[in-house]
Amino acid sequence: MSGALASIVAPGFFASGPVQLAAEIAAVVAAVCGAVGVFAVIRGQSFAGEALGDITTSGGSAAYLVGVAPLWAYVAFALAAAGAMELAGVQRARGRDLATGVVLGAGLGLAALFFYLDSVHTSASGATVTVMFGSIFTVTGTTVRLALGTGAATLAVLAALYRPLTLASLNAELASARGVPVRLVGALYLAVLAAAVALAAITIGTILSTALLIGPAATALRLTRSPGRAVLVAASIGLLALWLGIVLAYDSYYWPPLHRGWPVSFFVVTLIFTGYLLAGALGRVRAAH
Amino acid sequence: MIDAWAAATIVAVVAGVVGLFTVMRGSAFAAHAIPNGSIAGAAGASLIGAGTLLGLSAFALAGALAIGLLGRRGRHDVATALTLVTMLALGALFVSWSSQYASELYSVLFGEVLGVSSSQLLPTAALGAAVIAAVALLHRPLLLSCALPDVARARGLPALAIELAFLAVLALASAMTVPVVGTLLIFTLMIGPPAAARACADRPARAAALAVALALVTVWTAIAAAYATDLPVGFFVGTVGASWYVAGRGWSAWRTRRRRRGRPAGPAASVDLIAG
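As given, the protein sequences belong to chains A and B, one line each in that order. Everything in the first sequence is counted per my numbering, starting at 1 for the first residue and increasing by one. Everything in the second sequence is counted per my numbering, starting at 1 for the first residue and increasing by one.
Check the hints yourself; a few may be wrong.
[Stated by the list, open to error] Here are some of the chain A residues that sit facing chain B, going by a computed Cβ distance under 10 Å: (1) S16; (2) G17; (3) L21; (4) E24; (5) A27.
[Said to hold, decoys possible] Quick list of simulated restraints, FRET-style, between CB atoms: (6) B:A247 <-> A:T142: 37 to 45 Å; (7) B:A247 <-> A:R225: 51 to 59 Å; (8) B:R155 <-> A:G179: 54 to 62 Å; (9) A:A152 <-> B:A6: 49 to 57 Å; (10) B:L122 <-> A:V9: 35 to 43 Å; (11) B:A50 <-> A:S226: 27 to 35 Å; (12) A:P18 <-> B:A161: 32 to 40 Å; (13) A:A191 <-> B:D150: 13 to 21 Å; (14) A:W255 <-> B:A126: 35 to 43 Å; (15) B:W254 <-> A:A191: 40 to 48 Å; (16) A:G67 <-> B:R153: 33 to 41 Å.
[As the list claims (entries may be wrong)] Residues of chain B clear of chain A, computed beta-carbon distances all greater than 12 Å: (17) L53; (18) G74; (19) V85; (20) D150; (21) A165; (22) G182; (23) T183; (24) A199; (25) V237; (26) T239; (27) R249; (28) R258.
These are computed hints drawn from the structure, not numbers from a lab. From the three backbone atoms N, C-alpha and C, an ideal C-beta is built for every residue, glycine too.
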């Protein structure tokens, strides 16, 4: 057993401090993204999630400028963007993508500005890559605790919303006939989505955060139809992809072409995408029988 | 400087025309995903020493194909999101392999219009002409399939082929524009001006002309402002592009209110139906 493990995991893996912190934050983020992501997929809000993730890029670049913890900046910018989307009319079916897109465009303009100012006023070279593609091995203990708090608050709000949100997502007309405040529920969910995106951005980077939010949830919804079960499956898939990605990235320090390590985000996203394709193939095989 | 103006002008014309179809077909997410994902092509091309434009085109076309085909099964927005992040992850890998590319990442993402050289003008113009020609050829089925999908189906128009053709046009348009305005901001140019144009003009031809005009004003203002203030072009494209949308929404809200006060639902209602 230990021999088999040693052939997969490079020496020093379990003793490494950064790896432990990475594994801890991965667990928090996978749980939150699994739960929040299932509703994003059911409600067809992948684009909103993607846009919020990209907008946190401007938060990340601003954090370098001001010198605050990136997670605070991610959460603040994602929530502000969610508010702007709500104002721009993201809840109307018609023109929803446009409203999302325009907020996204403005947010990216800000990111361009902040990265430029970063390069002028600070010595933070490579800020662009770190913010956009993530750096899970540089996560600190403080960030893990902060993520734990943010994650717990997010899950608490989601749990409180669970029943009205499920109803409003599956059948908005029936929900409003039963007296569910559909608009308010939608707005609160957008805030929850923003917080989840900020957490995902810490682990695999701002522009890749959608992978963790949408991928495991979409895969889970291909495997099971019940939202409750899908949340559990999605969280497990997310956790598996993140942990496996961390192991592979650690191993890849011995791989060609540079012997410098491949990015964790690459492994995580590839694993998630493969899982999505496999679940689709499985569904077709099942349907054929 | 002259080269920058010329390149930006070509880009604005293409973005205005293609963007109008993007807005009408509701393909905003694809218009974000395709240019953004093609960044992996730019990084990969620099790794093997191939031309940037070639890498961008190859990855943009591959992304368009993946979005079109994966979106047939399962949810379209999920397929788009996952295709995008997979291409971006490849981009992350290529960037980590190359030792100097990280510093160029900024210019690929946000563009470097002031760094456009005269040797880039010819391929940009050629690709731009090809895109405009393709849109001119395809505009009837494109309009029909998004405005009246039932009629299109009854006439036997192949929906998947039209969708793939449109995504391919989008891919070529983004490949040629990325070196000028960057992967992230071409999207703003494709959404902001056309969305405002559509709110103000009912006929597609007039809306296309207006979209091109607004896109031109956007890039020209952005270049001038960037030149004057030394701040990045992307910032100005982003803010000006978004403010067109806000202005367009305000204008159409004002017009609707005035129309309601004047006469009840008139011919405008049917025009709205065709446009949307």
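Violations among the numbered hints, reported as their numbers in ascending order: 1, 2, 3, 4, 5, 7, 8, 10, 11, 12, 13, 15, 16, 18, 19, 22, 23, 24, 25, 26, 27
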